[in-house]
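**Student:** Working from the sequences, and respecting the hints, build out all of it.
Chain by chain, the residues run as shown.
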Amino acid sequence: MLSEVQGQDEAVAYLQQVLRGLYTAPMLLLGDDGVGKRFSVQCLARQMFCDGLRDTTCDCVHCTQLKHSAHADFVTFTASEDKDIGIEVARQIVDQCRSYPMLASKRVVLIDGAERLTVPAANALLKTLEEPPSMARFFLTTTSLDRVIPTIRSRCGIVRYRRLPEAFILSMLQPFESNPTKALVYARLADGSAGQAVRFWGAGRLRLRDRMYSILKTAMTRDLSAIFSGIDELEKDLVLGLRFLTSIIHDLLLVESSQDRLVSLDLLEDLLKVRGRMKSETLMSLWNGLRELQSRQRSASINLPFHLKTLLARTFV
Amino acid sequence: MAEKKPSLSPFTVIYGGENFFLDRDLEKARAWPDRHVILLDGEDVSATEIVNFCETRTFDERDRIVILDNAHKVKADKALKQYIEDKLATDTSVILVAICRADKLPDIWGSAVKKGRLVEHKKLKTWENNNEVIKWIPGEAQRLGFSLDKGVAEMLYKFVGADLHKIANELRKLAILVGKGGKATVVQLKSVAVPVMPADPFQVVEAALLKNEQGAMNALSFFYRNVGDEASIIISTSLMRQVEKLAVARQLLDKGTPEDEVASRLEMHAFRFRNYFLPMVKRHSLSAILETMTRLCRLDSDVKSASRSKRTLVELAVLSIIR
Numbered sequence: 001m002l003s004e005v006q007g008q009d010e011a012v013a014y015l016q017q018v019l020r021g022l023y024t025a026p027m028l029l030l031g032d033d034g035v036g037k038r039f040s041v042q043c044l045a046r047q048m049f050c051d052g053l054r055d056t057t058c059d060c061v062h063c064t065q066l067k068h069s070a071h072a073d074f075v076t077f078t079a080s081e082d083k084d085i086g087i088e089v090a091r092q093i094v095d096q097c098r099s100y101p102m103l104a105s106k107r108v109v110l111i112d113g114a115e116r117l118t119v120p121a122a123n124a125l126l127k128t129l130e131e132p133p134s135m136a137r138f139f140l141t142t143t144s145l146d147r148v149i150p151t152i153r154s155r156c157g158i159v160r161y162r163r164l165p166e167a168f169i170l171s172m173l174q175p176f177e178s179n180p181t182k183a184l185v186y187a188r189l190a191d192g193s194a195g196q197a198v199r200f201w202g203a204g205r206l207r208l209r210d211r212m213y214s215i216l217k218t219a220m221t222r223d224l225s226a227i228f229s230g231i232d233e234l235e236k237d238l239v240l241g242l243r244f245l246t247s248i249i250h251d252l253l254l255v256e257s258s259q260d261r262l263v264s265l266d267l268l269e270d271l272l273k274v275r276g277r278m279k280s281e282t283l284m285s286l287w288n289g290l291r292e293l294q295s296r297q298r299s300a301s302i303n304l305p306f307h308l309k310t311l312l313a314r315t316f317v
Numbered sequence: 001m002a003e004k005k006p007s008l009s010p011f012t013v014i015y016g017g018e019n020f021f022l023d024r025d026l027e028k029a030r031a032w033p034d035r036h037v038i039l040l041d042g043e044d045v046s047a048t049e050i051v052n053f054c055e056t057r058t059f060d061e062r063d064r065i066v067i068l069d070n071a072h073k074v075k076a077d078k079a080l081k082q083y084i085e086d087k088l089a090t091d092t093s094v095i096l097v098a099i100c101r102a103d104k105l106p107d108i109w110g111s112a113v114k115k116g117r118l119v120e121h122k123k124l125k126t127w128e129n130n131n132e133v134i135k136w137i138p139g140e141a142q143r144l145g146f147s148l149d150k151g152v153a154e155m156l157y158k159f160v161g162a163d164l165h166k167i168a169n170e171l172r173k174l175a176i177l178v179g180k181g182g183k184a185t186v187v188q189l190k191s192v193a194v195p196v197m198p199a200d201p202f203q204v205v206e207a208a209l210l211k212n213e214q215g216a217m218n219a220l221s222f223f224y225r226n227v228g229d230e231a232s233i234i235i236s237t238s239l240m241r242q243v244e245k246l247a248v249a250r251q252l253l254d255k256g257t258p259e260d261e262v263a264s265r266l267e268m269h270a271f272r273f274r275n276y277f278l279p280m281v282k283r284h285s286l287s288a289i290l291e292t293m294t295r296l297c298r299l300d301s302d303v304k305s306a307s308r309s310k311r312t313l314v315e316l317a318v319l320s321i322i323r
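Protein chains in written order, with this note's numbering: chain P, 1 to 317; chain Y, 1 to 323.
Quick caveat, the hints were computed from the structure, so don't treat them as lab data. Yeah, the Cβ is synthetic: ideal placement off N, Cα and C, and Gly gets one too. There could be a bad hint or two in this list.
[As the list claims (entries may be wrong)] Example chain P residues on the side facing chain Y (calculated, C-beta under 7 Å, incomplete):
(1) LEU224
(2) SER225
(3) ARG291
(4) GLN294
(5) ARG296
(6) ALA300
(7) ILE302
(8) ASN303
(9) PHE306
(10) THR310
(11) ALA313
[As the list claims (entries may be wrong)] Cross-link-like lysine-lysine pairs, in silico, DSS-like; alpha carbons within 27 Å at most:
(12) P:LYS83 - Y:LYS304
(13) Y:LYS75 - P:LYS83
(14) Y:LYS104 - Y:LYS73
[To be verified] From the derived model, a few chain Y residues whose C-beta atoms are all more than 10 Å from chain P:
(15) GLU55
(16) LEU124
(17) ASN129
(18) LYS158
(19) SER221
(20) VAL227
(21) LYS304
(22) ARG311
**Tutor:** Structure, rendered in structure tokens:
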């Protein structure tokens, strides 16, 4: 049920309007990964389909099937890691909407990753999104509004999802992580995304953060060979590693003034030592370089390892 | 080329890195007289399907030859292993010709060789003191029915490089020009063959890092002519890779590290390092290399996004390294 969605009051209020039938236009849910976009559509579908108790304990056919992601009228289309949503999938979506729902009164269609729709796929969907069939409700999710094709954007109502409060993410992590400091580090590394916090914890991503920290320390020794091979070893983890490195620089900038705002609280003592050996100007130039690198990386598929190597070499050597 | 057991056998395995010879053998096998020929591609068929093709009888009861191109891409399964194991070395009603376009023979085909023939086509060497391609050219001309005057083979190699397909094409043209039993001269070669400069991104990078402006711009021009617009990304990637090594080498040398150790840190042969890489390193200071790296970062972003002429951007980057 929509009441299960936490920390997203504004978005929930919009979805309530959909539930009441006030909005029939497709909804484009905008927000970072792991802030509850998919979950809230699932909750909305439960509330829409449920013919039982209409609460979290309900075990009617609809609620049970939705819990197991097996409801015939809740259709999800997701872009896989290496493949965008192409024209074949778009045609499937259009076909799905031509038929009547099988069990419920409406069909909920979730297109997860609207920014990954190819241009032909997006064009194929335009007509359907412009005038959605009365028995279908469309929800699209995206992490970046700019990357969604304008014609799709203009046909959707935009629902914004906020970053989740730290306390909420911590409460989600507590059942898994017994060490409160580590739980807080994971929560802060996830930067307002509960899904990411859990994923980071599951994959033990603190190890990656530690690797990035050791690369930074290597860079301080000015040994190009060691810096370059450290970066080469990261391979696919480099994109996330870059984010962690930025958070470490953020910590180094703050470690002497406001320790309560640090992300890597578990490294406090070491951060203080490293901070003592680095000038503020060096840190600021590194911080700016990393921010620029992240924005360049978002706009084109640049040779990220080479860019990072250059940045570290330029800063330290 | 090493051939074993020339008699008819149920398996013929042909492998190596010289595609020209592999293609020629494939064509020979396709033209096998009085046999039903089936051509398969290892990329598209499974091992079980291959066995099915080998075990199905033809309608007209003719013997069969199954040619499997790209055999190195087939994932061996139980059925194929069993088929090879059970096949009698004397049973040649079905001949399986496996063409592996790889330098190493996969195990499954290694076991087939025990009951059949192995033909190896290693890539011809193009060393300065042993150029097998130049040695091969007169033989190929002989096969086409004519001979070559002194210096023609060398010139042909200079014109088209080590690609045997291209060489064979030019020789076919020459054969028409000089006729059967004739002798092709350098002048005749010049009238049929157009010099295609073999351009490699490495040549551009090497010339740029050696600060050889004319060489770099020529190689760049040839490379663009051969490859087209894709050259921008290829060259910028090659430049980045090489400049990165240059930076490491320069720093290590500045610290007084022995040359052999620098070569091993760069995973480079000491001979190659001393003769080819070191002269480049000596022409650049560390600060200049770091500046070049910054410029290459900008180039990398631009060639992957900018609408401005990417070729101009690459040319500017190469020139800035030289100057």
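**Student:** Could you check the structure against the hints above and give me the numbers of any it violates, in ascending order?
**Tutor:** Hints 3, 4 and 21 contradicted; others consistent.
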